[in-house]
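Participant: For reference, the chains in residue letters:
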Amino acid sequence: MQYVNSINDQGIVTVRLSRGKVNALNETVIDEMAGCLKELAGDAGAKAVIITGTGKFFTFGFDIPEFLGYPKESFIRYLTKFTDLCTYLFLYPKPVVAALNGHTIAGGCMLAIACDYRIMVPGKAKISLNEINFGSSLFWGSVAMMKLLLGQRTAERALYTGTMYSAEEAYRIGLIDQISSEVDLEGEAKKIASQYAEKDAAAFKSIKKLLRGTVAEEIMKREREAILEFVDIWYSESTWKNLQGKNIHS
Amino acid sequence: MQYVNSINDQGIVTVRLSRGKVNALNETVIDEMAGCLKELAGDAGAKAVIITGTGKFFTFGFDIPEFLGYPKESFIRYLTKFTDLCTYLFLYPKPVVAALNGHTIAGGCMLAIACDYRIMVPGKAKISLNEINFGSSLFWGSVAMMKLLLGQRTAERALYTGTMYSAEEAYRIGLIDQISSEVDLEGEAKKIASQYAEKDAAAFKSIKKLLRGTVAEEIMKREREAILEFVDIWYSESTWKNLQGKNIHS
Amino acid sequence: MQYVNSINDQGIVTVRLSRGKVNALNETVIDEMAGCLKELAGDAGAKAVIITGTGKFFTFGFDIPEFLGYPKESFIRYLTKFTDLCTYLFLYPKPVVAALNGHTIAGGCMLAIACDYRIMVPGKAKISLNEINFGSSLFWGSVAMMKLLLGQRTAERALYTGTMYSAEEAYRIGLIDQISSEVDLEGEAKKIASQYAEKDAAAFKSIKKLLRGTVAEEIMKREREAILEFVDIWYSESTWKNLQGKNIHS
Chain P
71 MQYVNSINDQ GIVTVRLSRG KVNALNETVI DEMAGCLKEL AGDAGAKAVI ITGTGKFFTF
131 GFDIPEFLGY PKESFIRYLT KFTDLCTYLF LYPKPVVAAL NGHTIAGGCM LAIACDYRIM
191 VPGKAKISLN EINFGSSLFW GSVAMMKLLL GQRTAERALY TGTMYSAEEA YRIGLIDQIS
251 SEVDLEGEAK KIASQYAEKD AAAFKSIKKL LRGTVAEEIM KREREAILEF VDIWYSESTW
311 KNLQGKNIHS
Chain H
71 MQYVNSINDQ GIVTVRLSRG KVNALNETVI DEMAGCLKEL AGDAGAKAVI ITGTGKFFTF
131 GFDIPEFLGY PKESFIRYLT KFTDLCTYLF LYPKPVVAAL NGHTIAGGCM LAIACDYRIM
191 VPGKAKISLN EINFGSSLFW GSVAMMKLLL GQRTAERALY TGTMYSAEEA YRIGLIDQIS
251 SEVDLEGEAK KIASQYAEKD AAAFKSIKKL LRGTVAEEIM KREREAILEF VDIWYSESTW
311 KNLQGKNIHS
Chain W
71 MQYVNSINDQ GIVTVRLSRG KVNALNETVI DEMAGCLKEL AGDAGAKAVI ITGTGKFFTF
131 GFDIPEFLGY PKESFIRYLT KFTDLCTYLF LYPKPVVAAL NGHTIAGGCM LAIACDYRIM
191 VPGKAKISLN EINFGSSLFW GSVAMMKLLL GQRTAERALY TGTMYSAEEA YRIGLIDQIS
251 SEVDLEGEAK KIASQYAEKD AAAFKSIKKL LRGTVAEEIM KREREAILEF VDIWYSESTW
311 KNLQGKNIHS
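Here the protein sequences line up with chains P, H and W, keeping their order.
Each residue of the first sequence is one higher than the one before, starting from 71 at the first, in this note's numbering.
Each residue of the second sequence is one higher than the one before, starting from 71 at the first, in this note's numbering.
Each residue of the third sequence is one higher than the one before, starting from 71 at the first, in this note's numbering.
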């Protein structure tokens, strides 16, 4: 695999994303991450998963410059794969800890909120679903997951303002579960993953389905329509202009 | 219009209710408010809406003395229009800020919780869904909106006790988003409305539908049955006696 | 009745569970409790209900040693009755206060979270849905009720860790509503029950249905499947071994 690697340390598997400076997401990244997770789902030696990034970024989100060159159908295909991955993660049969080593923006935040537990580094790193600030809509699943995590009122505030939260602010509103220094991040993530991994695997999977299954069903029913509306707005004149103006990934 | 007027100040439209001392709601008020909002929905010059009242009242709720003279079918027609307005506000395609200038009781609270943001004056003003205290039930949509805002447990407490919350208490439980002195209220409401109005209109509308659309569908499916049960209880002997005893609107 | 007795004190009926040292739940207990509640539902002299236990236990949950001797079909029949009781309590037409006089574990916690208000004694007593720690799954309704009470994130944490909460911790996360010393517990429960009992009975019942009816419908639709999965895991090799190793009820 080109952008995703995984290491199994005594049953705790760290899946690391590494693509350029900001770990921008494109179709290859999503294919690789989905492939890796599907393999680990069937691997009895994998008890729990940690997802993390590299450098100062977990991921800054979609590789917008790349997508600006896509025909619409290709973009829809990518979005379908991406939202499928989010839903798959949301119901993943094993515990998943997100070790947020840096900026966790847009698509990056969508991956993070589908996990079971989030640890983030303090300091300059931000976490945000900031789509509204470049005139983009969101996906049904990601909005549903934000509502579950933050409650309706705080989720509305977060999505309408597109606020970039520091780890401290994100902790306060419940968007992350723990703050850990860069140096301790992976150790803390392994500690939590190990605690979850000690539980009976069948009971964990069953309880997770009870906790999230109904929402996941609803996501699967409604995501296609949301993607089509997302795409309509993405290719609208004003949003397209914003996207072209972004000289950074997001 | 007799009881509702609107003023557009640089795209921020203030819709003000003004009817007698307590701004009691009747069918004409609801028709006027619905008409005004529908017009603004299609007006490209209206970027965001502020709803407010006059004097010491946002509104004290339904005009009970007037409704006591209604035949049952007329009351059902009114309730249908009223709950339709609440649902319409809940999904309104533009940002709506409630500037709660005073008491926000019963039907008044139902309108307020359908908005996107609530600012309330401190002091003697109260906000409450106090229906249980005169033996009345509630509507499906208003209960759903309270659950979304406060969470199930706090919503249950609020509706079973009918507590009259001060702005400070309402802020603490999440029933309002901000407290502002009487003199600053409209300025603060305009500040918030302007922040929301700066966002891409199509993205805002789409994200709002993702946040609230499923609940709104459920409201539309279930409200009719709730209205009929509400009416049965309203005309029951004990509740009717309570209503006749109320020499103030509520 | 053998294990459940009820006393009506001016319309407030205390239903007390008393079976052995830990008030372990079996089919007879559930039959008696369901019978008692159904009778009180139709009794105009019963305005509100308090459910409590005896000694140092509200209840420690299912009588596991007894169930280990059950054939699978009998266990399914018991679980169906038990979850039916939880759902019935959740929608009970009169106010129900849980006076948690001691440990409130597993099945005991499931009964408690179906009530309208929970008061618990401080000190050594714990409250927990700790099923995951002996490799057991849970029920659809109990998970749904935990999500309603605590919000998704805290519910996930509670159910994945199986944490045993003291009254103080349970209060902080919203799992109980009030802490009261052993000596004041029943007095406090009566005070709350009386406040609820003062409200119009038809309005209370109607508002409770608006608050909980949709979730209850969903529980009824999904519980059967959850019970069958629960049973599969219960009789799995690893969980069965855990259950046999438990020399206490749970």
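Treat the hints as calculated values from the structure; they're not laboratory data.
Hints may contain errors.
No copy labels: a pair is met if it fits in one copy or bridges any two.
Here are the simulated lysine-lysine pairs, DSS-like style, with alpha carbons at most 30 Å apart [said to hold, decoys possible]:
1. Lys260 <-> Lys196
2. Lys261 <-> Lys291
3. Lys91 <-> Lys291
4. Lys275 <-> Lys311
5. Lys142 <-> Lys275
6. Lys126 <-> Lys91
7. Lys260 <-> Lys126
8. Lys279 <-> Lys151
9. Lys261 <-> Lys142
10. Lys126 <-> Lys279
11. Lys311 <-> Lys261
12. Lys311 <-> Lys194
13. Lys269 <-> Lys194
14. Lys279 <-> Lys91
15. Lys142 <-> Lys194
16. Lys291 <-> Lys194
Here the structure is a predicted model, which means the values were calculated and not measured.
Participant: I'd like to know which numbered hints this structure contradicts. Please list them from smallest to largest.
Facilitator: 2, 3, 9, 10, 14, 15 and 16
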